[in-house]
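If you're matching them up, the sequences are chains A, B and C in order. Terminal number for the first sequence in this note's numbering: 377, no gaps in between. Terminal number for the second sequence in this note's numbering: 1432, no gaps in between. Terminal number for the third sequence in this note's numbering: 2161, no gaps in between.
Quick caveat, the hints were computed from the structure, so don't treat them as lab data. Treat the hints loosely; a few may be bogus.
What the hints assert, rightly or not - Calculated cross-link-like contacts (lysine to aspartate or glutamate; reagent style EDC-like; alpha-carbon spacing at most 20 Å):
(1) LYS1208/B with ASP48/A
(2) LYS2154/C with GLU58/A
(3) LYS2082/C with GLU255/A
(4) LYS330/A with ASP2155/C
(5) LYS260/A with ASP2078/C
(6) LYS357/A with ASP1396/B
(7) LYS2154/C with GLU255/A
(8) LYS300/A with GLU100/A
(9) LYS242/A with ASP2078/C
(10) LYS1208/B with ASP15/A
(11) LYS330/A with GLU58/A
(12) LYS354/A with ASP2078/C
Stated by the list, open to error - Looking from chain C toward chain A, a few residues come up when the C-beta cut is under 10 Å (computed):
(13) ILE2042
(14) ASP2136
(15) PRO2143
Even glycine gets a Cβ: it sits at the ideal position worked out from N, Cα and C.
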Amino acid sequence: MSTQLPPGLQLEKVDERIMTLNVGPQHPGSGHMRIIVQIDGDYIVACDPDPGYVHRGEEKMAEYRNYITNIPHLERPVIHDSCNILYPYVLGAEELLGIEVPERAKYVRVIAAELNRCVYTLYWLAIYGIFLGHSTMFMWPTGDRELFIDLLEKLTGARVTHAYFIPGGVRNDMPANFEDVCLRQVGYFEKRIAEYADVFYDNPILISRTADTGILSRNDAIRLGTTGSVLRASGVDYDVRKKEPYDVYDSMDFETNILKAGDAYARSKVPWLDMMESCRIIRDALSKMPKSGSVRTKLKPNPKGGDTSVYKRVESGRGALGCHIVSRKKPEPYRVKLSVGSFRNLIAMPYLLKGEKLGNMPSVYWSLNYWPVEADR
Amino acid sequence: MSVIAPTFRLSYFLRSILDNVFWIIVLVTLVGIPAIQIVLFYIEMPVIDGELLTPFLALTWLADPSRAVPIIKALMYTDFFRIAVFPGFGLAALLAAGTIFVERKMLAKLQLRVGPFYCGKVEGILQLMGDGLKLISKEIIIPAKADKPIFWLAPVAFVGTAAAFVSLIPVAPGWVVADVDLGVLAVFAVIGFFPIVTILSAWSANSKFPFIGGIRALHQMISFEIPLILSLLGVVMLAGTMSLTGIVESQDFFPWIVFLPVGAIVFFICILAELERIPFDLPEAESEIVAGWLTEFSGMMYGLVQLGTYLKLYAFAALFTVMFLGGWSGPMLWPPFPEEIITDGIQLGPVTATIPGLPILDQAMLNGVLWFLLKTVAVIFFILLPRGVFPRIRIDMLLSLGWYKLIGLSFINIFIALALLYAGVLGPGGMI
Amino acid sequence: MDPLIPTTQPFLEKFPDVTIISDDADRPAILVPKEQILDAAIFAKEMGFDHAESVSGVDYPDENEIEVVYHLGSYTNDAMAKCVLALATRAPREDAPRPGQDSTRLPTLREVFYSVEFHEREIFEMLGVYFEGHPDNRRLLLPEDWADLPPMRKDFAIKGR
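Bound conformation, chain A alone (with noise of 0.2 Å):
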């Protein structure tokens, strides 16, 4: 057998006491993705994501549309997050065309973004709970996610795949009984979601596992470049939303939730805490928001962007959310890369399991607020 390998495989050498595990991508606990860890009895000493097996390959199809019709396909990669993960693209998209947004639309945007916010973190906490065997956990968050589900159906016409943000705008206004409607709802969620510190998380035995593991310190939080929900659990103030407000949001009354312990059980709370902080950012916008006048600015067909790229950043579900598009002077972007909050904390995986152990796994992974299908794209 030759020793030239093609460059991107190697041989492996096998030690007798280190047992190389295969976690996934037919594992329950792995998500779609394939976590190699070698382990010396119970202590992880070496681990390696491999992801992509969800690489569905959105930068290179979305060379080939033009600016609309990049759409529908570019929130592919996180359903539960679908207009959070437009919102950079359709900023930078307006940027580049020119286009200008009425008032009403960017609370409309507002009030999608935080409630598709909350849809994501709720399926999010769900498998958190299941990963820990905390089955009720799992019920709870997925039930009450059909209340931000069934809103977001009515806004947008569709239960996940919303498509909803387009250039210069949304795509089409709120019903007319949406804001009774959701202020029911979400006055019902506030206070459901304080049952889920009974449950969960002022549970001793939750604490007691997720306390102290995983500890990501707020100097190596940075040098990682880790973000969102991650980077807040560590005590590093940065939040998109605060710091560079795109749309209304600097208008808008909310808190930065800052965690300083930088644990799992840190990392698992602040998106539980930046939950009811959407709730209070979706009233806040009702309230604010003009009662009448257009959603959307009318786009010309296939329009052309200049010769110039962008870059635009939103705060999603997974933390910053980066969009650069190279445009030139076609009507189909030349470049799109999204910079995704689940890629960039994936880099923490590797940091963080070294030396836990196994049955910590499950905790330190889903803790990093990671998305294995919007990390391949």
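Start from chain A and add chains B and C according to the hints.
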């Protein structure tokens, strides 16, 4: 529009049924009945009213139902009935099935959903049957490099061990499959087999996840067996006997949980760990090691392991009842047998049927079974409850819990028992 | 709080070869020759940019170059929180690429910004830019047996398009 069976004809369907009926009749008459006749020569049949029970005598109950009662009574006191039906495997399996159903419905209610709902019209009562049929119809896949004989043997051995455990449990006065003088020791001996079966099945699968799961199960079971055994010693000291029946009889006035609550708590936690139930289901932690030592089991092999698990659950709950809750003892709740049925017979319109031999079971036994089942079901309920409330804990936390806290607590329990014994309050020759 | 952070001017003073693409206060963009990219990155880190948000590669077949754009941001410096510096550099492009063995190479910035590790692995498999000094130049998203062109190059066409 799709059709499930496009070539379906009712006539073919009826013909296939008639075919089956025909062959069944042929086989029964030509093979079955002669085989029974041959077998009967070698079986010692009971004597009823001075007459040996022959098939002809057994079939006379078709003509005179009143003759059935002595036959049923005679059969009920055979060993086979005790092992297979009551209080052995049949009762345990029935309770296990009920446990699975109740677990699913209760968990569903806890989690704001409905649980099994459609199968069987009434609240999904036949769901379990459907699941069982599905498991039976699944292909059994054996890993290519598995140690096949042991891998095949493991589920059977698991059910066998669980059934052996069940056989030691006294359900009512005199109603126990194996009334061993050293019943508690026998229980410890049988419990000791579970880790062996588990590690054998895990190792023989020759796969990584079952291996890790098996090692975890081994750690867990062995480290929790010690506090489990120690926590029962207090009861043994106070009761002055190791026979389970004797222990129940020692609790006529009060159950031992009144005086030994620490032991009961330790024993309950050890039950959860031995049963691999949440929060101690590490050997089956699906987000870490797929399904632990059950990963490679498929089809009915998995079904057997599940059956064994729930038999074990029943047996442990029953053991808790026997040791701490007083087994069958309790106030008389069962109504007395109506005397007029014996004296006057049952009147159905113009016909009056007098059935000699009634009642089949006496009131004390039925009351005992009722109390035993009530207590056992309550314990099972408390075993199921943590599943809706707790996440799973980690193996190192589990081991430190088992080795430091529970063993310490069970020694405290023994000291309490000894203090009560030497103070002359309880125990053989005590005040109460 | 400093209202405006001069991000592009110091680069021009230190590295005369850089091209300033955009002088926007929030989104400055500069193009650095590949020989100086490592020094420029160290300089950017000294200015306060502490992490890389995104690394995107753009293929320019007509200019026979592949551009790699590092978007650098700052968590620690509050005045620069809005600012994302696009630090671009270009590698020569080969018409018949042999990833890892041809001249399409760049020095890695992983020693400066740890957060580019996975991004650079992605650029290597997607565009064939080999990062010299990167500790782990394996495939990340693509399957191990991918034997075609690096797929984000413009000459790799989607079927039917």
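Results of checking the hints against the structure:
This hinted pair checks out: LYS1208/B and ASP48/A have alpha carbons roughly 18 Å apart, not beyond 20 Å. For the given pair, LYS2154/C sits about 15 Å from GLU58/A by alpha-carbon distance, which is consistent with the 20 Å threshold. Proposed proximity of LYS2082/C and GLU255/A is supported: the alpha carbons are some 18 Å apart, at most 20 Å. A threshold of 20 Å between alpha carbons decides the hint, and for LYS330/A with ASP2155/C the separation of about 18 Å falls inside it, so the pair holds.
The suggested pairing of LYS260/A with ASP2078/C holds, with an alpha-carbon distance near 18 Å, which does not exceed 20 Å. Restraint check: the Cα-Cα separation between LYS357/A and ASP1396/B comes to about 9 Å, which is no more than 20 Å; the hinted pair holds. Between LYS2154/C and GLU255/A the CA atoms are separated by roughly 44 Å; this puts the pair beyond 20 Å, and the hint is violated. As the CA atoms of LYS300/A and GLU100/A are separated by approximately 13 Å, the hinted pair is consistent with the 20 Å bound.
Note on LYS242/A and ASP2078/C: the hinted pairing holds, with a Cα-Cα distance of about 11 Å set against a maximum of 20 Å. The straight-line distance between the Cα atoms of LYS1208/B and ASP15/A is roughly 15 Å, inside the 20 Å bound, and the hint therefore holds. This hinted pair checks out: LYS330/A and GLU58/A have alpha carbons roughly 19 Å apart, not beyond 20 Å. As the CA atoms of LYS354/A and ASP2078/C are separated by approximately 32 Å, the hinted pair breaks the 20 Å bound.
For the restraint placing ILE2042/C at the interface with chain A, the shortest Cβ-Cβ distance is roughly 15 Å, beyond the 10 Å limit, so the hint is violated. With a cut of 10 Å, the hint placing ASP2136/C at the interface with chain A holds, because the nearest CB-to-CB distance is about 9 Å. A hinted interface residue such as PRO2143/C counts as satisfied when its beta carbon comes closer than 10 Å to some beta carbon of chain A; here the least separation is about 7 Å, so the hint holds.
Hint compliance for this structure: hints 7, 12, 13 are broken, all remaining hints hold.
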